[in-house]
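Sequence lines, in order, name chains A and B.
Quick note: the first sequence uses the numbering used here, first residue 126, plus one each step.
Quick note: the second sequence uses the numbering used here, first residue 990, plus one each step.
These aren't lab readings, by the way, just hints derived from the structure by calculation.
Hints may be right or wrong, so weigh each one.
Interface residues of chain A toward chain B, partial, derived using beta-carbon atoms under 7 Å [as the list claims (entries may be wrong)]:
hint : residue
1    : Lys-127
2    : Asp-130
3    : Asp-277
4    : Pro-280
5    : Ala-496
6    : Asp-503
7    : Val-588
Chain A is nowhere near these chain B residues, computed Cβ spacing over 10 Å in every case [as the list claims (entries may be wrong)]:
hint : residue
8    : Val-1008
9    : Asp-1025
10   : Lys-1070
11   : Glu-1130
12   : Asn-1174
13   : Glu-1209
14   : Asp-1220
15   : Val-1224
Yeah, the Cβ is synthetic: ideal placement off N, Cα and C, and Gly gets one too.
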Amino acid sequence: MKIPDLAELALRNLRESLLRNSLTTVGISVGVASLVAMLSLGIGLQQLFSRRLAKSGLFDTVLVTSRRDLRGMGREEERNGPMPGESRVLDEGARLEIEHLPNVIEAYPDIRFITEVRYDDKPHLTMIAALPASAKSNDAFDGMQGSFFSSDTAPEVILQKTFAEELLGKTPTRGVDDANVADLSKLLLGKEVTMRYAQRSASAAQPSPPSADAANSTDAGLGGVAYSVVSREQTLRIVGVADLDPESMRGPTRAKVFLPLKLAQSLHVMQPTDLREISRAASDQPVYSSISARVKNPAQVQAVEDAIKKMGFSTFSILDASRGLQQVFRVLYAFLGIFGSLALIVASIGIVNTLVMAILERRREIGIMKAIGASDGDVKKLFFAEAGAMGIFGGIVGVGLGWAIGQVINLGTNVYMKRQGFPPEHFWAVPLWLVVFAILFAFVVSLVSGLYPAGRAARLDPVQALRYE
Amino acid sequence: MTSPAATSHTDGTVAIRTVDLHRHYAMGQSLIRAVDGVSIEIATGEFVALLGSSGSGKSSILNLLAGLDRPTSGSVTVHDKNLAQLSREDLARYRRHSVGMVFQSFNLISSMSILENVELPLRFAEVEREHRAKQSREALERVGLGARMHHRPSELSGGEQQRTALARALINRPQLLLADEPTGNLDSHTGVEIMNLIGEFNRQMGMTVVMVTHERALAERYARRMIFLADGKLVDDRSNTPTSFAGEAQEVAPGGRA
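Chain A on its own, in the form it takes in the complex (with noise of 0.2 Å):
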């Protein structure tokens, strides 16, 4: 038989018991209902992973190290790359290199270091980091107040707010909502802090830097290396604060206190690897400990990270440490996937009782079919008709109601998350592929349950089925 007219003698003969075959298509749609549920919840716990991960950045960041670093541990790489790598240094030459590879926005050095923040007098110790002009647009600033930095050169900062709120002798508290960081922001913001820090300057024939206050200097008097270290103080305008998580991994990781790029290269500070570099440092370029290069698109993260590695570096991204969570979500998926489908194996039940209900009211009509010329094939594709019709229908039913649930769910739970003070958060997600999965599941769930009833229908001896009044 065809399969349009399978598919016609298939619907024909679920309308003809309308009710018995509601309720089993009704039992197959709570099923695919409770897997669509919990499956788009995992999903939607995933997309609100991703989204905080987006913020934290690094799906588009390459972080370049010196492969020198890495010595002991990358043995494997060194053997892969090139060797010339081998003693590649991280200065402004190849920041430019990496910065003109295809794919790349842009190349900035990592400028960190930890120093004294003084405010109203009091001496505050903090991770500081640069952040260039294009951080912006970043989303992880999304929720900020204030205003980005002027200009990339501008003697400015922006606080973390969990830093500002140690500025106003506050103790920080869990679950502190954008209220709170508006009104740190009212009492700090246009307000200057004093910023201590050690300066590498080159002993002799090295510029001052502009903000460098000469009398001030107190040479440490290392005048046999390369360079020496000044202390030097930099007086910096509050103008903006941040609700940006302090543990992202945007590039200034742990950093609570943000200066422009340009003004921190400026100002030449100290960093802990010119330690480790000081051999080179004689050379008028400043050797960074790691560059950020930002990507177009983070489809293209590896592509960048293979062609650095290419150049002699290290590097890192997300895409690394992303690996073990994907793998935390893939078990996820599948606990609640199992849940889900107990409902939906329950509602198979439901259709093998159906059906072998059915071959018992049409035994008749199976030996009429046969003597008229039906196959075995003929009733067996039938039955399988008729389960995965119901399966479809049940799946199509199911999908919109567990849809509805999610739905519903989400806004309960947003309205407990509005009263206890957290912002509303999205954690239903029913991706196009979930839906036609769903009913695809429910379909081959249904197929599979039609086996055992279809190969009876398929097997049933027609002189008796006949003879049967």
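Given chain A's structure and the hints, the job is docking chain B onto it.
Just chain B, lined up with the frame of chain A:
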């Protein structure tokens, strides 16, 4: 009507041959020999009545001829096909294309209109949709039910239902029509109508007809040969001159074929 009703319509070829046919059933501990060594030969175009009381094995033979059942031993050969050796799939194809069946209880599918009932064998034969509709309508018109084709079987009289069953049996143009007590559920007048139709198909299309009945009178009126069975065995096989056939055929046929 050019062909004389009295002469045989057979062309001499053998349509059906059974050789030492057995069909046994296990019923609890005892063995029931429903068909017990029956050998018959039926020529193409014959109208044969299988006669016997209930339990004589006549229906069992019919089922074996229809390919609905397989012999325990012996052979059934229909148009050079040994049904005992066909696969289930081939038997289904044989039923689909070579046999038409009519039953005492009509065996129409109650959830379908009579048009759909008649169309059903064509679905199994995978005939194109437009051909199917046309053929089914024509078949129903031929049995005089053109106006009622969208009715369900339950809305029709017994005679009309049996006519529908006849239309369905003949839709695939089989060589063999098997009828199991076709008038058993009909009043005598309607029974005559149905028998006339069957006789007409036999004569006009040269279709071999095997009819099971327990009514000797019916067989004498229409069949050209009567085979008597008892306890699964053949007890008598005689030719017969249909008594009312010639006369009624001439009454009905010109009108029916005009």
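Those earlier numbered hints the structure runs against, lowest number first: 3 and 4
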